[in-house]
Amino acid sequence: MTDRGSYQPLTYFQLMEVSLRELLVEKGVVTDAQVDETLEDMRRRGPERGARVVARAWTDPEFRKRLLADGTAACEELGLDVPALRLVVVESTPEVHNVIVCTLCSCYPRMLLGLPPDWYKSRNYRSRVVREPRIVLAELGLEVPGDVQIRVHDSTAEMRYMVLPLRPPGTGGWSEERLASIVTRDCMIGVAVPEVTR
Amino acid sequence: MIERSHHDMGGLPAGPVERGEHDYAEWELRVDALMTLLTGVRSAKKLMTVDELRKNIEALAPDAYDTMSYYERWVISITQTLIQRGVITTEQLARKMLEVEKRGR
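Chains A and B supply the protein sequences, listed in that same order. Letter by letter, the first sequence follows residues 1 to 198 of my numbering. Letter by letter, the second sequence follows residues 1001 to 1105 of my numbering.
Hint data in this document are derived by calculation from the structure and do not stem from the laboratory. Cβ coordinates follow ideal geometry from the N, Cα and C atoms, glycine included. Treat the hints with caution; some may be incorrect.
[Said to hold, decoys possible] Here are a few chain A residues that face chain B, going by a calculated C-beta distance under 8 Å:
1) 14
2) 15
3) 42
4) 59
5) 63
6) 104
7) 118
[Claimed, not checked] Each computed DSSO-like pair below joins lysine-lysine, with the alpha-carbon atoms no more than 30 Å apart:
8) A:121 <-> B:1102
9) B:1046 <-> A:27
10) A:121 <-> B:1046
11) A:27 <-> B:1102
12) B:1055 <-> B:1096
13) B:1055 <-> A:121
14) B:1045 <-> B:1096
Given the sequences, and given the hints that come with them, work out the whole structure.
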């Protein structure tokens, strides 16, 4: 905890969090240990999970097919659980670039990418990426060539999208680990593409 | 035409997208963890659903929705849901908040 040691008054909502949690522990609804375990589980889930899935799909055509047919089951093959949700993986090609959003709230493939960045949950991104994706992507630093179609996928509470980015040229013969190292979180949201640094 | 709810913003005009992000504070992560537990994902008792979380977030007044941070909306919504479900009462929560405030954290 960053605030340990120096006294800072709690904000109203922090006070509410502490109080709610303690009340629920007192009532036996949850235990402190369960809260700690859940926090640990959250910390273990980062974009390197998604990157492993992408790298496998790039190197194993049969896995790629299974991933596109049933994202949840394919991830489970790699020992990556996708609790309680249906995962739909959308594949970017030289003709089509995919990007994900949740216009209604903040749905995100967090079991594979960790918690979403603030901008993903922002009003500006949620409102505009479905209407003018090319402009929004440019604002985020990605210029999509004019002849490439952009497809925007709006998530729901029951299912989540993740982008399988296009494997960049110049990566022939790379190991899965090396491939995974160029697959960033933003590549799997679709606001960046994997880059090969020379 | 049916008027849209405030949270239903897809396709509406809005400002430029900036790559802002912050490291989540511990209390924010704990709110998230609590939600996971209350929805019964990690073998705890299922006491609420994601739809209820959303319903009570979407019920916030538009200016509250816009001025509150993400996990502030969550903690309000979770609290509201648990009160609606009778898991906790407003009085119990108020008492607890007073106690925690006096204690200092």
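Against the structure, the hints come out as follows:
no.: 1; hint: 14; verdict: 5 Å, holds
no.: 2; hint: 15; verdict: 5 Å, holds
no.: 3; hint: 42; verdict: 6 Å, holds
no.: 4; hint: 59; verdict: 30 Å, violated
no.: 5; hint: 63; verdict: 27 Å, violated
no.: 6; hint: 104; verdict: 6 Å, holds
no.: 7; hint: 118; verdict: 4 Å, holds
no.: 8; hint: A:121 <-> B:1102; verdict: 34 Å, violated
no.: 9; hint: B:1046 <-> A:27; verdict: 15 Å, holds
no.: 10; hint: A:121 <-> B:1046; verdict: 26 Å, holds
no.: 11; hint: A:27 <-> B:1102; verdict: 21 Å, holds
no.: 12; hint: B:1055 <-> B:1096; verdict: 25 Å, holds
no.: 13; hint: B:1055 <-> A:121; verdict: 17 Å, holds
no.: 14; hint: B:1045 <-> B:1096; verdict: 22 Å, holds
The structure shown violates the earlier hints numbered 4, 5, 8.
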